[in-house]
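All chains, full assembly: derive it from the sequences and hints.
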Amino acid sequence: MPALKVESLSVCASENRKRHHSDDYDNPALIVRRGQDFKIRLRLNRPLRKGDPLCVQLAVGAQPLQSKETLVLIPLQQTQLSGAWTATLGANQGLEYEVLIKSPPNAAVGKYTLTVTDKGSYTYVPPDKDVYLLFNPWCKEDVVYLEEEDKRQEYVLSDTGYLYLGSFNRIEGIPWNFGQFEEGVLDCCFYLLDKIGMKQTTRKDAVKIARAMSAAVNIQDDAGVLIGNWSGDYSNGTPPSYWTGSSAILQQYYKTKRPVRYGQCWVFSGVLTTVMRCLGVPARSITNFDSAHDTEDNLTIDVFFNRAGEMLNDISTDSIWNFHVWNDVWMKRPDLPEGYNGWQAIDATPQELSEGSYQCGPAPLKAIKNGDIHLIYDTKFVLSEVNADRIFWRVDNPNTPQQNMVKLRVDTMVVGKRISTKAVGKNLREDITSQYKHPEGSPEERKSFESALKVCVKPPVKPYGVAVPSIKVGFESKEVRLGSPVTLKITFTNSSPEDRNVTFSATYQLQIYRGNTVENIGSMSNEITVKGQRSADVPIEIPAESYFKFLPKYDDELQVQVNVLGEVKEVEESLANYAIVHFVYPPIKIEMPASVSVGETFTCTFSFKNDTGLPLDNAKLHVEGLGLFQRETFDQGNFRWAFSNPSCASPERFLPSSVLFSVTQTGHSSPEERRSLENALKMCLKPVEEVYSMVRPAMKVDFESKEVHLGSPVTLNITFSNNTTSVKTVTFSASYQLQTYDGNTVESIGSMSSEIIVQAESSAAVPVEIPADSYFKFLSKYNDELQVQVNVLGETKEGKEPLADYVVVHFTYPAIKVEMPDSVRAGEKFTCTFIFKNDTGVPMENTKLHVEGLGLFKLETFDEGNIKAGGIFASRVVCTASKLGERKIIAKITSDQISGITVERSITIT
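Numbering-wise (the numbering used here), the sequence shown opens with residue 310 and increments by one.
Note that these hints are calculated values from the structure, not bench results.
Note that CB positions come from ideal geometry on N, CA and C, so glycine has one too.
Please note: incorrect hints may appear among the correct ones.
[Stated by the list, open to error] Keeping only pairs whose Cα atoms sit at most 25 Å apart, straight-line, the calculated BS3-like set for lysine-lysine is:
{"id": "1", "residue 1": "K517", "residue 2": "K460"}
{"id": "2", "residue 1": "K1015", "residue 2": "K1167"}
{"id": "3", "residue 1": "K377", "residue 2": "K566"}
{"id": "4", "residue 1": "K327", "residue 2": "K420"}
{"id": "5", "residue 1": "K377", "residue 2": "K428"}
{"id": "6", "residue 1": "K411", "residue 2": "K517"}
{"id": "7", "residue 1": "K1192", "residue 2": "K460"}
{"id": "8", "residue 1": "K420", "residue 2": "K513"}
{"id": "9", "residue 1": "K787", "residue 2": "K929"}
{"id": "10", "residue 1": "K411", "residue 2": "K564"}
{"id": "11", "residue 1": "K735", "residue 2": "K1192"}
{"id": "12", "residue 1": "K314", "residue 2": "K513"}
{"id": "13", "residue 1": "K449", "residue 2": "K460"}
{"id": "14", "residue 1": "K1167", "residue 2": "K1192"}
{"id": "15", "residue 1": "K504", "residue 2": "K438"}
{"id": "16", "residue 1": "K348", "residue 2": "K508"}
{"id": "17", "residue 1": "K420", "residue 2": "K359"}
{"id": "18", "residue 1": "K878", "residue 2": "K840"}
{"id": "19", "residue 1": "K449", "residue 2": "K517"}
{"id": "20", "residue 1": "K735", "residue 2": "K787"}
{"id": "21", "residue 1": "K438", "residue 2": "K377"}
{"id": "22", "residue 1": "K1086", "residue 2": "K1009"}
{"id": "23", "residue 1": "K1126", "residue 2": "K1167"}
{"id": "24", "residue 1": "K1146", "residue 2": "K1126"}
{"id": "25", "residue 1": "K898", "residue 2": "K1009"}
{"id": "26", "residue 1": "K862", "residue 2": "K840"}
{"id": "27", "residue 1": "K798", "residue 2": "K781"}
{"id": "28", "residue 1": "K898", "residue 2": "K929"}
{"id": "29", "residue 1": "K327", "residue 2": "K348"}
{"id": "30", "residue 1": "K1109", "residue 2": "K1167"}
[Stated by the list, open to error] Computed Cβ-Cβ distance ranges for the label pairs, DEER-style:
{"id": "31", "residue 1": "D740", "residue 2": "S844", "range": "51 to 59 Å"}
{"id": "32", "residue 1": "G651", "residue 2": "A532", "range": "15 to 23 Å"}
{"id": "33", "residue 1": "D740", "residue 2": "K781", "range": "27 to 35 Å"}
{"id": "34", "residue 1": "E458", "residue 2": "Q402", "range": "30 to 38 Å"}
{"id": "35", "residue 1": "G546", "residue 2": "Q386", "range": "54 to 62 Å"}
{"id": "36", "residue 1": "L409", "residue 2": "K862", "range": "56 to 64 Å"}
{"id": "37", "residue 1": "K449", "residue 2": "T800", "range": "28 to 36 Å"}
Next up, the structure:
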């Protein structure tokens, strides 16, 4: 009998791809989704007999191994095992056999190589050997399963959509070509996973892939896809506003293997939506208007003004962006307790470090909404983006020794407005604010999560609902003075009536502040009997020399982490917990007078005693006195005893650094929303200074403004409303500044000061007109969508009550006209004509037209030069229809004065 061989193999790509919703990929290979069978046809040289060892083999990665599930051998004649790859023989016609192959719903996604082998020396490699395996939102057992078909069509298969920019009161939907099916995009996605070094075995985990991709799309840690640039200087790359879609960015990156210049938040989000949809994970781009960037980790945004009403950007890096765009991905969270499945926020814009990398999420929307900031990943950061409080400060004598700060007002309802995404199946905006935060003013009760997870930094792997263990491990520990032994107790508590025998091991490690363990400093193993419904303690002492020798190695605030793992002999029960023990340090004693006269010389003495019991090497004393003396460093060398050093004297005035005034509050949020925020504030690393006083102000400042067509004067009214029964006189100043989209003011364009009398329980308006030439001259300086910010600061003469507020006035722009047929037949040529008239009344310099049509033509740019006021240009693109269905064409105009005007048109290919 001849040896069994394969004469041909067909992967039935067309049939399989249609069943697996992957027929739109511009890639000839077999592309299938996990947890669903696909068909291949084998032609053999003789009939298949019982006992023939023929196997289908699938390999992924550089070094595939069966032990790591990266090499899969599937016998053609096997007993099917639950949770494993299977191959089922179907009907045969002569020597041609049909085989149904099915991957488990948690298989690693990737680019596999398909071969047939007899497990010996024979291997058949078919011409079409590549098989791409993706996540499967159509499979109920897959963690990314999405029940509604219309949502799968929108969040997985739709390759066009909208990103929302602008401001909360002027939302602009810009069309965006996600292009997840375009040539090279799928290969680029798997290249990214290779680039960041993600293990093949980890690629079955949608949570980890989402987190990894939020890092891979930016370049900060891993030379990823996009370089962020908010400087306004894009001379050696593409300005962010020029992009109309993601596929051109990913194709350029995959071709050159170099980061693409440049992106901002909406570009990062658009690319991340493309990547996640391409891999099969439901994804959507999200825009949060008035989005907070809380750099101080305290859920407040501090806004500083000088007495002239100009915003000061150099005191705090906190900011409120007009908008920020990130992503939601849909998945179960088996790594969290029950109740957190569904939409998860992820963000590729590099803002703050998370676990040492510029990555963000996935953070459950349900956790964000309820203030459960202890849950991974980055829940607190996203919560601050949608629900931080804003505090107004007036800074007197800024950047001088006499600088004082006066707290003016607290706003609790300014952050996180009209959170938006594209509606399912419609070219409309959907407001999803209620998915991120409780509606302000709503009577609805917030669900309360009062379990131990409220304070758990690292939640347990097992979800809620598992049986309560009979043995619980805990710790009794205190802070330890550096140089002393670390002492603590491990406490085992038995909740059952029977005695329990516990075997356990304890390891001791040094941990840096980010939570990473860096050195092993000891361990122990033991067995203990715990009586029924009683507790038993095991004391631990870690000698000082075991950790002290490592202190010079790390320029970090180290602590000791004690890990306990064990088992209960009588029942199948495992134990795991850890405790962190922090060090306390010797204090520095300062001797100096409480007050001195101007010009008087005085001495500061700094005394320090090394009471650690161990020597301190290379000790230095750093001292600084603002307004007194500059930073000085005294090298103390190696010592064991106390030392002291006098500072130099200064004739300058010694003043307190700040004065704190009363706080007023306008508006009231719902009890549910406030409780959610206050719950989060209690858990902040840097809690807010005080509880806000909710006092209704006597005088309120507001604005009446409308959008302004670019090139026209900016007009508005400042309105003062008197809530009291007596007449009030208000002195105020108003300053006018240009603002970029991320909330930073960049140019002062005018100001005014005045006084106004406001009758009792009445209002009075002050009109403002800002000439067009005061702002137009700055437009070419910033490649950004500028707007005008009007700041008002004042006070009432009678009660010295401070007033502060500002308004942002947005511009409208000329429109692009597109002339093209509504529908054409496949293979037919047609023309698109793009017409633009500059009706701003001022010239537009370095004008460019960018056009793109997925499935029609790639991104093209036409240089239109300088367009004078009233000037008109028209450009044409001739293309041939290929892909059937609705196709979208996007056109965008940019110039030195305008960052982007966008229009979209659809055409049906029949």
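Decide if the proposed pair is consistent with the structure: K862 and K840, CA atoms, cutoff 25 Å inclusive. 44 Å, violated
Given hint K787 paired with K735 - CA-CA distance at most 25 Å: Violated, at about 59 Å.
Taking the Cβ atom of G546 and the Cβ atom of Q386, is their distance within the range 54 to 62 Å? Check passed, 58 Å falls within 54 to 62 Å.
With a cut-off of 25 Å on the C-alpha distance, tell me whether K348 and K508 pass. 28 Å, violated
For a C-alpha distance cap of 25 Å, please report whether K327 and K420 respect it. 19 Å, holds
Does K377 pair with K566 here, judged by a C-alpha cut-off of 25 Å? 28 Å, violated
Hint check: K898 vs K929, CA-CA at most 25 Å. Holds or violated? Measuring from Cα to Cα gives roughly 15 Å; hence the hint holds.
Satisfaction of hint between K1009 and K1086, Cα-Cα up to 25 Å: Cα-Cα ~34 Å, so violated.
Is the Cα-Cα distance between K798 and K781 25 Å or less? Holds, at roughly 14 Å.
Pairwise hint evaluation, K359 against K420, where the allowed Cα distance is 25 Å at most: 32 Å, violated
Regarding K449 and T800, is the given constraint of 28 to 36 Å on their beta-carbon distance met? Between K449 and T800, where Cβ atoms are some 43 Å apart, the hint is violated.
CA of K878 to CA of K840, is that 25 Å or under? Holds, at roughly 14 Å.
Against the hints set out earlier in the document, violations occur for numbers 2, 3, 9, 10, 12, 16, 17, 20, 22, 25, 26, 30, 32, 33 and 37.
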